[in-house]
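Asks: Protein chains in written order, with the numbering used here: chain U, 83 to 377; chain F, 3 to 414.
Simulated from the structure, these hints should not be mistaken for lab results.
Please read these numbers as outputs of a predicted model, since none were measured by experiment.
A portion of the hints provided could be inaccurate.
One side of the interface only, derived from the structure: several residues of chain U facing chain F at Cβ under 8 Å [stated by the list, open to error]:
(1) Tyr122
(2) Pro227
(3) Ser231
(4) Val313
(5) Gly317
(6) Gly318
Glycine is no exception: its CB is placed at the ideal position from the N, C-alpha and C atoms.
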Amino acid sequence: MAARIGFLAPIVAYLVLFFGYPLAANFTMALREYTAASFYTGDAPFVGLANYAAVMGDPVFTTALTNTAVFTAASLFFQFGIGLALAVFFQRHFPLNGVLRSLLLIPWLLPLVVSGTVWRWIFDQEYGVLNQTLLALGVVDTAVPWLSSTAMALPSVTAANIWVGIPFNMVILYGGLQSIPAHLYEAAALDGAGRWQRFRHVTWPLLRPVSAVVLMLGLVYTLKVFDVIMVLTQGGPANATQTLTTWSYSLSFGELDFGLGAAVGNLLIVIALLFAVLYLRGLRSSGPAPARERR
Amino acid sequence: MPSARIPRTPRLRGSSALVAAGLLTLSTACAGGGGEEEVTSLTAMDYNLAEPQNGTTATMLKECGDQAGVEIERDAQPRDQLMPRLLQGASQQDLPDLMLIDNPDLPQVAATGALLPLDEAGLDTGGYYPSVLEAGTHEDTVYGIAPGVNGLALFTDTAVLDEAGVEPPQTWAELRDTAAELTEGDTKGFAFSAIGHEEGTWTFEPFLWSNGATLTELDSPEAVEALELWSDLVEEGSVSQSVVNWSQADVNDQFLGDRAAMMINGSWQLPVLDEEDLDYDVVPLPVPEAGADPATPMGGEVWAVARNGGEREQKAVEVLECLLSDDNMRQWAELNAYVPAKEELARQLAEDDPRMAPFVESVPTARSRTAELGEEYPDVSTAIADAVQEALAGSTSAEEALSQAQQSVPEN
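Can you make the complete structure from the sequences, with help from the hints?
Replies: Here it is in C-alpha cells:
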C-alpha cells in the first residue's frame with residue numbers, strides 16, 4: 083500500500099502543482115475584479131459572475147466565438163481531409179516516397195513564428211507572391227487584401243493554419259493505415275471491391291479510432307492556436323481574426339484586466355472539455371466494435 | 003519529512019495570474035530582497051533591448067550607480083513582457099527600484115500605490131517642460147520623469163517630392179492632394195501605422211486632437227471627420243489598406259523601400275533612416291486648416307521609483323538624479339533621437355540638428371494620453387484602434403465605428 087502511494091505521489095504532486103493549482107486559480111480569478119492594482123495590493127474584490135456577464139455582453143465575444151468556431155471547424159476539416167488524402171497516397175509504392183513524405187513534414191518542424199512570418203509575406207497585399215501570381219495569371223483584377231480586410235483575414239489565417247496542421251494529420255493517419263493488415267484488402271479485392279469500396283468499407287472503419295484521436299488532438303491544438311494569428315494579424319483588423327484565445331490574451335496582457343481574461347480562458351476550457359466528453363463517450367460506444375473486427 | 007511534501011503553494015501566488023490566463027506557465031518566483039542593512043545594490047528594469055539604447059542604458063546605470071555608491075542589477079525585458087513582469091514583481095512586493103515605463107502605462111502602475119511620489123522625494127523638477135511632467139503624472143502627483151520624449155512628425159522623401167514638384171503638405175486638404183499625386187505604380191503617396199493596438203491609436207490621436215475632438219467623446223463630429231480623412235485616403239488608394247497590419251517599424255520599412263513617399267513616424271526612426279542612403283525631410287504633422295494648432299501625443303518612457311523602503315528609495319532617487327543630469331540627458335537624446343525633457347537642452351538640440359526641430363517644436367503642446375482617462379486609457383485605446391481598423395478594413399462607416407468605440411469610454 084505504501085509503495086503504491088509512493089509511486090503515485092510524484093505524478094499527483096505534479097498534477098496538483100502544475101495543473102490543478104493554475105486551473106483553480108483561474109476559476110477564482112475569473113470571479114474577481116483582478117486588475118493591475120490587485121497585483122500589488124492583493125486586493126481583488128469578489129464580483130461573482132460579473133466578469134462572465136461583461137465578457138458575454140461584449141460585442142467582441144460573439145465575434146470571437148464565431149471566429150473560433152469557423153477557424154476550428156475549417157482547420158480540422160481541411161487538415162484532416164488533406165492529411166488523409168496524402169496518407170492514402172503515400173501508402174502506394176513509388177520512387178522518392180520516403181523523401182517526399184519527409185519533406186511534407188517541414189511545416190510541422192518550422193517554428194510557427196517563422197512560418198507565420200513567411201505567410202505574412204505571401205499574403206502581402208501589394209508585394210506578396212500570392213497576389214502577384216494571381217494578378218499575372220489574370221485570376222483577379224485588383225490585389226486581394228488577404229490580411230487587411232475584415233472579410234478576407236479569417237479565411238487567410240485559417241489557410242495558413244491548415245498548412246501548418248496537415249503534416250500532423252498525415253503522419254498519424256499514415257501510421258494508422260500501416261497497421262491495417264494487407265490481407266483485408268486482398269480479401270476485399272477478391273470479393274470484387276473497387277478502390278473506393280475498399281476505402282469506404284475497409285480503410286475508413288479500421289481507421290476510425292486513429293481518426294478520432296487525430297481529430298480530438300487537432301481540436302485541442304486548434305482551439306488554442308495563438309502564434310499563427312498573433313504573427314499574421316494580431317487578431318485584427320478590427321477583431322476580424324480575434325479568437326477566444328487571442329482575446330483572452332489581449333484582455334489580460336493588453337488591457338491588464340486579468341479577471342476578464344481569466345473568464346474568457348475558462349469558457350475556452352469548458353468548450354474543450356465539452357468536446358473531450360463527447361470524444362470519450364464516442365470511444366466507449368464504438369470501442370468494442372473494431373476489436374471484434376480485428377479478431 | 004518536509005522535503006517529501008508538496009511545496010507550499012502561496013509562494014506561487016504572483017505567477018498565478020499569468021498562469022491563470024491560460025497562456026503562460028511561469029513558475030518563477032522571485033525571492034524577496036531588501037533588508038535593514040546598508041544598501042549596496044539596486045535593481046532596475048527597462049525594455050531598451052535594441053542597440054544603441056541597450057548599451058547606453060547599461061553604461062548610464064553603471065556610472066550613476068557608481069556615483070551613488072551602489073551596484074545596479076539591470077534586467078532588460080522585451081517590451082511586451084515589461085508590464086507582466088512588473089505586475090509579477092508587484093504581487094511579491096518586490097518591484098525593481100528603478101523602472102523605465104512607457105508613459106501611457108504609468109497610471110496603471112501608479113494606481114497600485116507601489117510607486118514613490120517623486121516631488122515628495124525631493125527630486126528637482128525645475129527646467130522640465132510642463133507637458134513632460136504631465137505625462138509622468140497620475141492624480142496630480144508626479145511618479146515618473148522622462149529623460150527624453152518623442153513625438154510624431156511627417157517624413158517626406160525629398161527626391162520623390164522634388165520630382166513631382168510638390169511641397170510637404172501642411173493641411174489635411176494638401177495632404178490628401180499630395181498623397182494622391184505622389185501615388186504612382188508601386189509607390190503609395192502616404193503611409194501610417196493603423197495596427198490594432200496602442201501604436202495605431204497614438205498615430206491617429208494627432209488627427210483626432212488637432213480637429214478638436216477628445217478621447218472622452220469619440221463619436222463627436224470632429225472625431226468622425228478625422229477618421230473619415232484616414233478612410234478616404236485608403237479608399238482613394240493613396241494609402242495601402244495593409245496599414246491595418248503595419249507597426250511603425252513596418253511603416254518605416256515601406257518608406258525606406260520607396261514604397262511610400264510620405265509617412266507618419268516618430269523621432270526614434272531618425273538613426274534608422276540615417277543608416278540608409280535616403281534623402282528625407284521632417285515636417286510637423288498636417289493640421290485640419292492652415293494655422294491650426296498641431297496636437298501630438300507625448301511619447302517616451304519615464305523612470306519611476308518603487309516604494310522599497312527609506313534607504314533604497316533614497317539611493318534610487320540619487321541614481322535617478324544622475325540619470326536625468328544635463329549631460330546624460332543630452333547624450334541620451336543625441337544617441338536615440340529623443341527630445342531632451344528639459345526645455346533649455348531641447349532648444350539647443352533643435353539648433354544643432356534641424357531634423358529634430360519639428361519634434362522639439364511639438365513638445366510644449368504635446369498631450370499626455372492618460373490625462374483625461376488615467377488608468378482607463380488602455381481600454382479606450384483598444385476601442386479607438388478597433389474603430390480605426392473597422393473603418394479602414396471593413397465596410398463600417400467612420401461614424402458607426404466610432405459610436406461603437408464610444409461605448410468603451412467610462413461614463414462620468
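Asks: Which hint numbers doesn't this structure obey?
Replies: Of the numbered hints given earlier, the structure breaks just one, which is hint 4.
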